[in-house]
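Trainee: Work out the full structure: start from the sequences and follow the hints.
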Amino acid sequence: MTGKRWQLAHGRHLDLGGRALVMGILNVTPDSFSDGGAFDAPERALEQARRMVAEGAAIVDVGGESTRPGAAPVSAAEEQGRVLPIIVALARSGDVLISVDTYREETARLAVAAGAHIVNDVWGAQREPGIAKVAAETGAGLVLMHTGREREKLPDVIDDQFLFLRRSLEIAREAGVQDAQIVLDPGFGFAKDADENLDLMARFSELAQLGYPLLAGTSRKRFVGHVTGREAADRDAGTAATSVILRLQGADIFRVHDVAINVDALAFADAMLARQTNLPGR
0 MTGKRWQLAH GRHLDLGGRA LVMGILNVTP DSFSDGGAFD APERALEQAR
50 RMVAEGAAIV DVGGESTRPG AAPVSAAEEQ GRVLPIIVAL ARSGDVLISV
100 DTYREETARL AVAAGAHIVN DVWGAQREPG IAKVAAETGA GLVLMHTGRE
150 REKLPDVIDD QFLFLRRSLE IAREAGVQDA QIVLDPGFGF AKDADENLDL
200 MARFSELAQL GYPLLAGTSR KRFVGHVTGR EAADRDAGTA ATSVILRLQG
250 ADIFRVHDVA INVDALAFAD AMLARQTNLP GR
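With our numbering, letter number 200 in the sequence shown gets 199, and the count goes up by one each step, no holes.
Please keep in mind that the hints were generated in silico from the structure rather than gathered at the bench. Keep in mind that a hint or two might mislead.
[What the hints assert, rightly or not] Under the rule of at most 25 Å between Cα atoms (straight-line distance), these lysine to any residue pairs were calculated in the SDA-like manner:
no., residue 1, residue 2
1, LYS132, GLU105
2, LYS3, GLU205
3, LYS132, LEU109
4, LYS132, TYR211
5, LYS132, VAL73
6, LYS132, ARG150
7, LYS132, GLY210
8, LYS132, ARG172
[As the list claims (entries may be wrong)] What follows is a set of in silico ranges between Cβ atoms, one per label pair, in the way DEER data are often shown:
no., residue 1, residue 2, range
9, ALA193, GLY2, 29 to 37 Å
10, ASN277, GLY129, 41 to 49 Å
11, PRO154, HIS12, 34 to 42 Å
12, ASP198, ARG148, 12 to 20 Å
13, PRO154, GLY210, 20 to 28 Å
14, GLY210, ASP233, 21 to 29 Å
15, ALA232, GLY2, 19 to 27 Å
16, GLY210, ASP155, 14 to 22 Å
17, GLU151, GLY16, 29 to 37 Å
18, GLY2, ARG150, 30 to 38 Å
19, GLU230, ASP192, 14 to 22 Å
Note that CB positions come from ideal geometry on N, CA and C, so glycine has one too.
Mentor: Here it is in structure tokens:
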């Protein structure tokens, strides 16, 4: 595991490596692929956030625009109207780290001002590069995710990861983002078919060559259904299995819908890692 400190906005940080950390997904949208409409009312969203924290989430990731394939885009104003009141309310509690799931520079800036600690960008700062400037100016943690959308990919899944993420890292560094603020996400499911996702899982440890902590977001993705035969809402056990596999291969943070099942599964993965480290002769 990486054994690094992740620097976040508002003077906060997270220590990575000693144990797996869970990021709970809070979609305040009407159309996300597995929970659309479940938490678009503020009171339900806040109740879900409190539940996830009670179940062991270290971070709540608030998103106001669905990223599922074919989802209708929303305006910046609509996205902000969904996420900012939730972030303000969560920040008042003071006991939870907040991430905003957005690729928009303006939304990120307003979200951090409202109390968010982390900016989670599914376009890896390549759609609106100014989002990296927001992280640099505010000290926010920055998740740079790989995507295969709207471009030609390289045939090899890891080669394509390196190609895309190295460009994202260049953008972040040019903006003044410090290495200690950055976490990388290989973007499971984003313009990747089932075989590509499974290959990415099998070779996940190779991403350590990039030198940054890693976030895994497999939760309820279509490839989990491809393996298990389950519909989206019934893929949490399969998701937990992927979390264990990826923890053993070096992932630090796990972005999931069902916090409790993943916290328990990852506790076993961490126990095995600890035992392997302490075995005689090691």
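Trainee: Hint by hint, note whether the structure agrees.
Mentor: Now for the hints, and whether the structure bears them out:
Simply put, LYS132 and GLU105 have alpha-carbon atoms about 11 Å apart, close enough for the 25 Å limit, and the pair holds. Distance hint between LYS3 and GLU205 is fulfilled; the C-alpha atoms sit about 18 Å from each other, no more than 25 Å. A C-alpha spacing of about 13 Å is found between LYS132 and LEU109, which places the hinted pair at or below 25 Å, so the restraint holds. For the proposed pair LYS132 and TYR211, the alpha carbon gap of about 19 Å is at most 25 Å, so the pair holds.
Under the criterion of a C-alpha separation no larger than 25 Å, the hint pairing LYS132 with VAL73 is consistent with the structure, at around 23 Å. Between LYS132 and ARG150, the direct Cα distance comes to roughly 24 Å. Compliance with the 25 Å bound is thereby established for this hinted pair. Pair hint LYS132 plus GLY210 holds up; C-alpha atoms about 21 Å apart against a cutoff of 25 Å. Simply put, LYS132 and ARG172 have alpha-carbon atoms about 9 Å apart, close enough for the 25 Å limit, and the pair holds.
Against the hinted window of 29 to 37 Å, the Cβ-Cβ separation of ALA193 and GLY2 comes to about 33 Å, which satisfies the hint. For ASN277 and GLY129, the Cβ-Cβ distance of about 46 Å falls inside the hinted range of 41 to 49 Å, so the restraint holds. With their beta carbons about 39 Å apart, PRO154 and HIS12 fall inside the hinted range of 34 to 42 Å. Taking the beta carbon of each, ASP198 and ARG148 are about 18 Å apart, inside 12 to 20 Å as hinted.
For the pair PRO154 and GLY210, the beta carbons lie near 24 Å from each other, so the given range of 20 to 28 Å is met. Under the hint 21 to 29 Å, the C-beta atoms of GLY210 and ASP233, about 37 Å apart, miss the expected range. With their beta carbons about 36 Å apart, ALA232 and GLY2 fall outside the hinted range of 19 to 27 Å. Checked against the hint of 14 to 22 Å, the pair GLY210 and ASP155 passes, with Cβ atoms roughly 20 Å apart.
The hinted range of 29 to 37 Å is satisfied by GLU151 and GLY16, whose Cβ atoms lie roughly 35 Å apart. For the hinted restraint 30 to 38 Å between GLY2 and ARG150, the CB-CB distance of approximately 34 Å keeps it satisfied. The hinted window of 14 to 22 Å between GLU230 and ASP192 holds, with their beta carbons roughly 18 Å apart.
This entry does not satisfy hints 14, 15, going by the numbered hints stated previously.
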